[in-house]
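Chain by chain, the residues:
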Amino acid sequence: MIEVKHISKTFRVSRRSAGFSEAFKALFHRQYECIKALDDISFTIEDGEMVGYIGPNGAGKSSTIKVLSGILTPDQGQCNIDGRVPWKNRIEHVRDIGVVFGQRSQLWWDVPVIDSFELLRDIYRIAARTYKDNLEELVTLLNLEDIIRTPARQLSLGQRMRCEIAASLLHSPKILFLDEPTIGLDAVSKLAVREFILQRNKTHKTTVILTTHDMQDIESLTKRIILIGKGKILMDGSLEEIRKQVETSGQNADELSIDEIVASLYHKYQIS
Amino acid sequence: MSLYMKFMGIHLKGAMQYKISYLLTMLGQFLVSFNVFLGILFMFDRFHEVKSYRFSEVLLCYSIVLFSFSFAEMFMRGFDAFASTIGNGEFDRILLRPRNIILLVVSSKIDFTRFGRMIQAVIILIYGIRKSELVWGPARILTLLLMIAGGVVIFGCLFLVYASICFFTLEGLEFMNILTDGAREYGRYPFDVYGKAVMRFCTYLVPYTLFQYYPFQYLIGRTDRLYYLLYPLIGCLFMIPCLVLWRFGVRHYQSTGS
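Chains A and B, in that order, give the protein sequences.
Numbering follows the numbering used here, in which position 262 of the first sequence is assigned residue number 264; successive positions increment by one, without gaps.
Numbering follows the numbering used here, in which position 65 of the second sequence is assigned residue number 225; successive positions increment by one, without gaps.
Okay, chain A solo, but in the shape it has when bound:
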């Protein structure tokens, strides 16, 4: 179970106007602006749940994932994941989670994917038997047989993403964080990735937390949606509840596509 209570995180960002003289001034006197990436965030996610975490760019989605996975230490607040505090019990915590960053690779670039998998086996100290079973299962379900011996840099984006997902599940984590897993994928790959995530959640009861801009991802994968904007949680509910919210603001939700519904939500909360 994931329990997040009143988490806040502030970043200091330096600001200056364009131009050489401004750059020169900034050398001596720098102006900082504090940006609240996360502002009093609280939610609870049960085991085996699939949650879509949405919001416009810069809303704090990635920051939340980074706090939950132990990368960032928040300024305030508590977080308890299966009895662990991510940033304090980092090693025990990360053994039990898998993280996929859609925009960044975790595979070693120049070697065949299978070599990366074997290194991960050693990093996570996965028992030989478990590794073999997990690898077999992932290779079959994600259809990796033909690409596993190719260096990661020569894979297409869709192939690479399937390998990334496999790489983060080799140690059979209980929780899977997916940060924009379908970004840039073609229709076939997207469908394959979605289908796999659904299966995984059903068969292994893996908790999935998904951030995305692709509303079809949300529609086909999650029942529960958390909407975040400017560091605050604005909504936490099902897709149906969101539709109702939009209807009360005078629009007919049935006629709108999910993208339009979300856009009108962003508009309503003035976060876009």
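Because the hints were derived from the structure by calculation, they are not lab data.
Please read these numbers as outputs of a predicted model, since none were measured by experiment.
Backbone N, C-alpha and C fix where the C-beta goes; we use that ideal spot for every residue, glycine too.
Keep in mind that the hints are not guaranteed to be accurate.
Unchecked claim - Computed Cβ-Cβ distance ranges for the label pairs, DEER-style:
#, chain 1, residue 1, chain 2, residue 2, range
1, A, E94, B, S212, 55 to 61 Å
2, B, M161, A, G79, 37 to 43 Å
3, B, I279, A, D42, 57 to 63 Å
Claimed, not checked - To give an idea of the interface, some chain B residues facing chain A are shown, with a C-beta separation under 7 Å as derived from the structure:
#, residue
4, L163
5, K166
6, I170
7, K173
8, G174
9, Q177
10, G249
11, D252
12, R253
13, L255
14, L256
15, R257
16, P258
17, R259
18, R411
19, S415
Fit chain B to the given chain A structure using the hints.
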């Protein structure tokens, strides 16, 4: 350690993918190393004595410092490129692995072309020992080993400090190179030749003298104080403030936007 070897394997496999590039870099590194080696020989050919230290003594001192530096550099290479590790978000990934962070950073970048320098350091060390005209009893050998070990630890700590600073500035600071590369260059002479102020700096701020000057006095027979050979171990206490700074840096890590 076994994990480090595994990482080494994967870097080696990667390096082999670009055979020509790898060979050319290796060749370049070798030429540069060879050049430095010749420079040292010519220099020692001219100056026979500095502040009452004989040629053979200076050579031994330099070879020990160079060896510890090269050894530390080879294994701590990951810290050297730490600014880019933070900049491109690789450090996020490192934090997601259930292993010691320092070990993971160190194994994230292993540069095999540095072997060239290491080989050069070994050659000079052997040359220095053979030229030293000393009788190598167990106490002397122990002193030599402790000096090297102490040097590796202290240079390693300096690389760690360098990396810790990156958490706050996001760029490596050039002045840190004075403490690492500078110490390698100036460390060819026992630090007392530079006068009292430098000696103090190199004892109380960064404890170079604890692995170089003091045990070296015992090594070349200038003093009978056997306890000088334990000074490198005291120098290792330098690790504590460095590790504290590192942990402080990790806690303040801000990550990068995606």
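**Report entry** Hint status (Cβ of R257 (chain B) to nearest Cβ of chain A, threshold 7 Å)
**Finding:** Check passed: Cβ of R257 (chain B) comes within 5 Å of chain A, closer than 7 Å.
**Report entry** Range hint 57 to 63 Å (beta carbons of I279 (chain B) and D42 (chain A)) holds or violated
**Finding:** 58 Å, holds
Report task. Report holds or violated for the interface hint on S415 (chain B), using the least CB-CB distance to chain A and a cut-off of 7 Å. Result -> 6 Å, holds
Report task. Tell me if L256 (chain B) is really an interface residue toward chain A, meaning its C-beta lies closer than 7 Å to one of theirs. Result -> Holds - the Cβ of L256 (chain B) comes within 7 Å of chain A, reaching about 5 Å at its closest.
Query - Hint validity - G174 (chain B) Cβ closer than 7 Å to any chain A Cβ - result: 4 Å, holds
Query raised in the report: That 55 to 61 Å hint for E94 (chain A) and S212 (chain B) (C-beta), does it hold up?
Result: For S212 (chain B) against E94 (chain A), whose Cβ atoms are near 58 Å apart, the range 55 to 61 Å holds.
Query raised in the report: Holds or violated: D252 (chain B) as interface residue toward chain A, Cβ cutoff 7 Å?
Result: 5 Å, holds
Query raised in the report: Does the interface hint hold: is Q177 (chain B) within less than 7 Å of chain A, judged Cβ to Cβ?
Result: Since the shortest Cβ distance to chain A is 5 Å, the answer is holds.
Report task. So, R411 (chain B) near chain A? Judge it on the closest CB pair being under 7 Å. Result -> 5 Å, holds
Query raised in the report: Against chain A, with CB atoms and a cut of 7 Å, does the hint on P258 (chain B) hold up?
Result: 4 Å, holds
**Report entry** Range hint 37 to 43 Å (beta carbons of M161 (chain B) and G79 (chain A)) holds or violated
**Finding:** About 38 Å separates the Cβ atoms of M161 (chain B) and G79 (chain A), which means 37 to 43 Å holds.
**Report entry** Cut-off 7 Å, beta-carbon criterion: hint that R259 (chain B) touches chain A
**Finding:** 6 Å, holds
No hint from the list above goes unmet by this structure.
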